Amino acid sequence: MMEFVLVLPLYLFLLGSVFLLGDMGIKVGALAIGDRTVAMDAGDRKWKSYSPFKTRQFTDSGLQTPRTSTYRVDKDFTGAWYWFAGGLELFDYKLPGWFSGLIAYPYYRYGNISSDGFMRTLVNNGRVEVRSKKIGSERSYSYYALKRTELARKAGAYRNWMDCQIVDCKGSQQFWYEGVFKEGIYKEPLGPPNRNDTSAEKLDADGPRQGSDALPSMPSGYREYDRFSGFVNWSE
Amino acid sequence: MEINRNRLNRRKHAMTVWGIAYQRILNLGKDDSGVALVTTLAVFMFMYLMCMGVYAVSTAVRERIHLQNAADAAAYSAAVVQADTLSRIATINKAMSWTYADMTKLQMDYIVCRWLEHTCEHYERDMNGGTDEKGHKRDSLKAYNKNSFLYHYGIRVPPPNHIFGPCSRHKSFGVGYYIGADEISPLMVHLNGRDASKYRLPKGAGKTKFPKSSYGHNVFEAEVRLRLLDAYDDYLRKYAGQLPRQLPRLYQDVSDITRLTFKMLGNSDISFGTQLVLLDNLAQVRNLDFSMNNESVVSTMMKTQINLDKLAIAKMNVCERYLALDLPNRIDKCVHDVIDAHLGDTIFTIDRKQIQYMVDRSKALAEELVGQLPYAMSFDRDLGYLRDIFNTTSDENRFLGFSGHGDIYDTFDVGINQWFVRGDGSQRTEGAYGIQRCYKHMTKSWIAHDRNQNAPEPLSKYHATHSPLEPTCWNTKKLEDADPSCALFSEWMWWSDTWYCFRIYIPYPPGYITIHLNFPHYQEIWPSKPSCPHHSKPGLLGLKAGQLTTPDWRSFFNVGSLTSGAKKACIKKRKWRPPKFRSHNYTPNLDFGLGSLFRKLAAIDNLLGNYEPIEKYHDGCFIWPDLLSPRDSFFKFTGYARLYADDPHLYNGTYVGFKALPLVLDASYFGKYGTISVGIRRENENIFLRLLGKIIGVFQAFDPDWDGTTYSYVFSSAKAGYKYKSEPTSSRMYKVHWNPLIQSWNLCQSDWDAVFIPVRKSYSQAITDVWLDGETNMLNDWVANSDYWRSLSNGNPARNISGSDRIKAPSGMDGQYLDWGGLSRVIYH
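Taken in sequence, the protein lines are chains A and B.
For the first sequence, position 228 (counting from the first letter as 1) is numbered 228 according to my numbering, and the numbering increases by one without interruption.
For the second sequence, position 16 (counting from the first letter as 1) is numbered 16 according to my numbering, and the numbering increases by one without interruption.
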């Protein structure tokens, strides 16, 4: 019986570890969904703020809000119709008190170190950074996709040509050519930037970039040719 | 003692580890020793399984999410590429429509401009005696009447300054001869056969000879020039002086696109149809005529702009096809890249060859079948979902609507469908694919002549079913009632008398009196030359009917000579009456009888057929005494000149438009063939497999299929959706349904974006917000057909990868019938 009593803390530790593992697994799954959410949000040309889902998925459960790391890359498609959007959520998993107490109990009981101090020493300030990304991945994010850019929505963009200027815009020969055919088109592999890639635009927590201001210059003064009235009369 | 014996036996067995263990197990039930051991073993086994189970489940869930994320991202990204392509095509369609509308209007004005230029030029020649093709001034009515009655019979009449000949008064316009629409309408011509419509020629015509350098002072020239400048504004100010220099660059652009297209074709199994269209386009581009000879500044400007528009349309055609034909390649590439970026970088993962993916998408354009498919739902994967439009009124109206124009009558005004018709320059192409118009009057032989025998095979080879262009007849005012054979032509008349004026000296009172005698004698008003194609040989009695000898000239004498079958047909249809030329009444005439006889003989000579009409649809030259007219007219010669707008001297490649080939979407796009479905399957990462290398016994506990080679399958579907123009720009509503009633989006709406499609609806046809088909079991095909799957590592077909034969379909998918309920347990979406 005494043996059982002696190993009981070990049982509790193991059982707690199972619970902890399961809890972290749930969080990782949620982060995998969160990565997708923030990436799609970051690449959304009409995005104004993070989706409420991003915070609700954690705050509803009473846990802390995850930090977000999102990227938007258009280095290969400058001024283009679509860009590359990636996202990664980082969740500082705070170890539960019972767990840290259990781990640190011997040091706490017999030493001068507190459990929190021990955990700060053992792990990052008592927090374990959790991400859904694969171990060893060099990618800066775990989800990315092509998204339409803000540029495509603006009135002066090539693609919106004549949608709003249908009357006084003449089809220049070079206009559509430069704006449609020579515009970046998906041909080469999109290498996702790694951690050290500085060309990727890192979006801060304040919000995304509101589209590129580098719009192509819209030709003006091109007007439709109207038939000469005399020729029209003489055509009858 | 017994107890000691037992202890000795145990010691014997304890000689080995297994013996001790055996003894301990035998003794477990005899006392309470070892309770902790058993309990620990049991608890640890439970804990171990629980811990591993929790980890395996959470890993499986996470991997499932990652797989689904990768599939969704790949499908979505591919749909973005698809949306980008459709947006590009829509933008090009708009630009093409705009360019086509401008080009066509310019062509119509160019043809009228050229025709009027030459009308003025030849009218001026008539007034001034004319010049031949070498610029030499001809003898004419205004000149000495050397071809008089006596001249014909060897009696040479002295020059007019001598005794015989017209005085200065009677070799003047309005007295000795007269040119105009009729006797009361000088400086006017009839246009397009409308008797009541007479148009005053540009200022200066007929009075002074206006060289080409003075065309800027011409009334319509100046106005058109202003209109052009107004239309092109900055463009002309910037480029007017550089227009010719722009051409090489445009040619270079065409060759760039061509090179890209051929490069693409080199890696594609689509070759014949693409090259056909491409060569078709390039052949036409090659035949564009940039020569600026013998044209005014304005018509040269118009011609240059028309040719630039043609080049632009040629480039647009090629560009659209390049985008459409290359789209499947870009989709495949994008899917691979996105999946690889999601799943291909882990260092502890399984062999990447065991990550397999599939893309279910169809061709965007079946180029080899271009022009053969009507708009309809085409349930064949190889037909693609992009279609050509056709040379019909409805399609042309639709095409013009791409750039916001109205219908053809609103856009092009009078003349469209009358003399500027659907054709390729050699024949009518009503209903053929592509939008193309041309001046209708040309015949095949003229086209061949114009292209100097170097032209490629005529397009008639591909449009043998279409009728040739029809001959010319007459215009009417109402567009709806336009005679299908009407065309542009100008006509005017001239008259002449031969005057012999004698000056007699009278002694008292001293002075001269002049006696003016009019000989209503046949006279060769326009001296013929031996090279005249109309009358290269003398007719009866050696008489020659007179006409201008320049090859581009048609004239015939008098209005009674109606030989054209088309004109007669029109008369029968009461759509035209010959203009009534009345005799003028201010010129005294004397009939000497004999002259009248010779006139009749000359007329008979012509009627006997001693002339050779150079064209089937043009009248030959005639001389015909108007025996039924009043007497005054009987003593005069009348001539009747006609100039067609498609005279070979005027005709060039600018009279034929370039075929615009915009692509639009077929209804099948909003069904099976527009959807991009992406699937990924990957071997499950069983933690025990990672630890042990082989899963046996109890370690199979977390392997769903219990065979160690379990694959997880995920699928996702997406396609590009469009937005109605009526939707606000802030709207996120993108349609993925075919709406046959509202076609304004197809394909001129450039606002496209990717839209996820439920996998179970990926093969369903969506029309007007309704899914026509139910759920289909395409998943069975995807899973069971190994031809779909490719390795992520090298793109090789999965069936060539060792071990792929062990891949099994997930539970619920191994039968013929797909159980969506059962499938939902293994496929997450």
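No lab work stands behind these hints: they were computed from the structure.
If you're wondering where the values come from, they're calculated on a predicted model, not measured in any experiment.
Treat the hints with care, since some could be wrong.
[To be verified] Simulated restraints, written as ranges between beta carbons of each label pair:
{"id": "1", "chain 1": "A", "residue 1": "E3", "chain 2": "B", "residue 2": "G19", "range": "22 to 28 Å"}
{"id": "2", "chain 1": "B", "residue 1": "H737", "chain 2": "A", "residue 2": "D226", "range": "37 to 43 Å"}
{"id": "3", "chain 1": "A", "residue 1": "G16", "chain 2": "B", "residue 2": "T16", "range": "19 to 25 Å"}
{"id": "4", "chain 1": "B", "residue 1": "Y22", "chain 2": "A", "residue 2": "E3", "range": "19 to 25 Å"}
{"id": "5", "chain 1": "A", "residue 1": "N233", "chain 2": "B", "residue 2": "K725", "range": "34 to 40 Å"}
{"id": "6", "chain 1": "B", "residue 1": "L37", "chain 2": "A", "residue 2": "L15", "range": "17 to 23 Å"}
{"id": "7", "chain 1": "B", "residue 1": "L41", "chain 2": "A", "residue 2": "P9", "range": "17 to 23 Å"}
{"id": "8", "chain 1": "B", "residue 1": "G19", "chain 2": "A", "residue 2": "L15", "range": "32 to 38 Å"}
Using N, Cα and C, we set each Cβ at its ideal position, and we do this for glycine too.
These are the hints, each one checked on the structure:
1. For the pair E3(A) and G19(B), the beta carbons lie near 24 Å from each other, so the given range of 22 to 28 Å is met.
2. In this structure the supplied range 37 to 43 Å holds for H737(B) paired with D226(A), their Cβ-Cβ distance being about 38 Å.
3. Range check, G16(A) to T16(B): Cβ separation about 39 Å, and the 19 to 25 Å hint is violated.
4. A hinted range of 19 to 25 Å for the beta carbons of Y22(B) and E3(A) is consistent with their spacing of about 22 Å.
5. Judged by the Cβ atoms, the range 34 to 40 Å given for N233(A) and K725(B) holds: they are separated by roughly 36 Å.
6. Judged by the Cβ atoms, the range 17 to 23 Å given for L37(B) and L15(A) holds: they are separated by roughly 19 Å.
7. Our hint of 17 to 23 Å for L41(B) and P9(A) holds, since their Cβ atoms are close to 18 Å apart.
8. Evaluation of the 32 to 38 Å hint for G19(B) and L15(A) yields a pass: the beta carbon distance comes to about 35 Å.
Violation of the numbered hints given earlier is confined to hint 3; every other hint is satisfied by the structure.
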